[in-house]
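Start from chain A and add chain B according to the hints.
2 protein chains.
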Amino acid sequence: MHHASDILLTLFIVFIAAQIGSEIAQRLKLPGVVGEIAAGCVVGPSVLGWITPEQVATGTPLDVLAEIGVVLLLFSVGLETRLEDLKKVGKVAFLVGVLGVLVPFGMGGLWAHGNGFDWSRSLFIAAAFVATSAGITARVLQELGALQRTESKVILGAAVIDDILAMLLLGVVVSLQGGEGVDLIHLLAVLGGAIGFIAVIGLGGARVMRWNSRWLDKPQNPNSALAIVLALCLGLAYVSTLFGLAAIIGAFLAGMIASETRQQHTLEKQTQPLLALLTPFFFVITGSKIDLHLLADFEASMMLLVVTLIAIASKLIGGYLGALSLRSRSAIIVGFGMVPRGEVGVVIASLGLSAGVFTNQIYAIIVAMSLLTAMVTPPVLAWLLRRPVTSTDTPS
Amino acid sequence: MHHASDILLTLFIVFIAAQIGSEIAQRLKLPGVVGEIAAGCVVGPSVLGWITPEQVATGTPLDVLAEIGVVLLLFSVGLETRLEDLKKVGKVAFLVGVLGVLVPFGMGGLWAHGNGFDWSRSLFIAAAFVATSAGITARVLQELGALQRTESKVILGAAVIDDILAMLLLGVVVSLQGGEGVDLIHLLAVLGGAIGFIAVIGLGGARVMRWNSRWLDKPQNPNSALAIVLALCLGLAYVSTLFGLAAIIGAFLAGMIASETRQQHTLEKQTQPLLALLTPFFFVITGSKIDLHLLADFEASMMLLVVTLIAIASKLIGGYLGALSLRSRSAIIVGFGMVPRGEVGVVIASLGLSAGVFTNQIYAIIVAMSLLTAMVTPPVLAWLLRRPVTSTDTPS
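Protein chains in written order, with numbering that gives the first Met the number 0: chain A, 0 to 395; chain B, 0 to 395.
The hints are simulated quantities; they were obtained by calculation from the structure and are not laboratory data.
Which chain A residues face chain B? A few, computed with CB under 10 Å, are given here:
1) 4
2) 7
3) 15
4) 222
5) 234
6) 236
7) 240
8) 277
Even glycine gets a Cβ: it sits at the ideal position worked out from N, Cα and C.
Next up, chain A with everything else stripped away, as it sits in the complex (with noise of 0.2 Å):
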């Protein structure tokens, strides 16, 4: 009767780490997600070695939990996020998925091919510069309640130009692996469907529930509403990924679209507790998959350092150039809640390994860089986020 006893165990240590870790970045006035994956990082193969690589492998348990944790993260940040407030924000937001998309593509491809890489194979090594993984930003700006600010607007709409321009950029480079060359007409109809998925669902989806969402009502089971807004952000976080979007895409649409119904208030505080249980699984596995001996071989941890010097680099100049309408601070803090690579450049990396144009090496450098990007952020954008407003923040 005690078959679940191992996978218990490995659930019990994520989620104690997760919460001892976090415990200790607050108290050193650290945002709780930062403590989370540096608990990963102490629990997995760098230190202590209770989780190892096998387990959080793709499809396995704790994957699936951890994607379920960021899925609701963002379902929850959709729910803190009216479309009226993105429309504003939108010209900016645009700019800076273009230019935070671009910049990094530009730097990442002469880097590599700078180290000796041919054009093909730089280029595919440069799409692992660019997509900004937004879960780690998100829980940020949830952690420090600034989710109504203009700057967190603009991240947000970002992030989903982010995914589709990455989207986007995979698919070419990995076309001109094959020597096939680029079919223009096949990628305009995959903008043109993760487009359409988008604004259908998004302005229509809005549409509907702002005109009537009594019917979510059921006054003899408070959790009705709660189970219908859960069904539509697992089917459309399901969805999104048929468009080749990443699944927080769909599940932040969601979240959105619950964000109009009458019944947000309380769906805000329901998922509370499920991001509670669920978000420590990311943070802490995605803390888990860095592997420190890594750093021992010097010149692997130097081209790891040049690496996440680009990275960081290229994201913030492309966020800031993009919101340099904003004030000059805010612009900032747009480019470095742009900066995480997180869990999605570990999946472009492992793409690249297993058709065999990245060397094990990259490969390592790459997924290091991810989660590199995704360690430092947290720290600068609470610092930037917490400091006072001073004379010299001027609009520009």
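For chain B alone, kept in the frame of chain A given last:
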């Protein structure tokens, strides 16, 4: 980036199936859980085949989600249960637990021996008649708001006794298979360990919390008490498996300890969304393990019918006799409450199959019996609990 696509679709199917099934059941005045199990049967191999047996095998993501679901369910049931109330019904619960094990074990053993199995195999088969799965009854009681009734306390207390005895019995029959004979000292040690674990955690934990639970409060984070008790829940669920008990026993204890805190009411509310998200996985997946094709063969379906009737009658008789000091109707409710074998029967059948003791046919029949008892119980229990008390229900 759509690596998580397949599992998201599966999660969506399971979740939406649960909602539809539950809705239909409630319109038919049945407990929602019946609809969830039936929905599992529909999406499982019996009808649609969208959920395959491989997808729900031990250790798969769906299996782990189901396990988390039932652990949280028993945690929440514990949260509504005070140790004092359990103590009050201690004697009855003990009798129900003991007789509810002995009668099914006896009748199951006789049936197996009558069907040509030697005694050592017959006793193993008999063990599969024994263990009650508390999850299904607990859900029905919770759905009907009946957890505060005396019958419910007796059932919960008896479920703990049942699990201890079933574990011991399984230990005995497994060792009999090897022809080794029974190591009495080892058995006593196991018994002592299990009882000691429950006593120390239950009594000690409840006392600590009653004495002081203010330390669980953290004004800046309303979820901190929840996070701490969830960690306790996962931790005790794991530790109880180390003592040979089911994970849900530890989860129940954790809930009961938490019910002594000043945060009990808040915790109950916060647990609701967790149940809404995760318990459907347990019930739908339980239902998806039923394969109706088994019933196509006349001989097998007759045997299944007999086995299921023995399983129901023997538990009912044992529970009823144990609870005779209550009113006659209450004793019947208690008896029926102990009927579901659910996933525990499935686990024992799997043990028997892998130990080479069970034939494929016996395995399939025991699994089907376990799941049928889980299907049959909720409507009967709901009917008994809802029926108004009449003058014939006088105390005996």
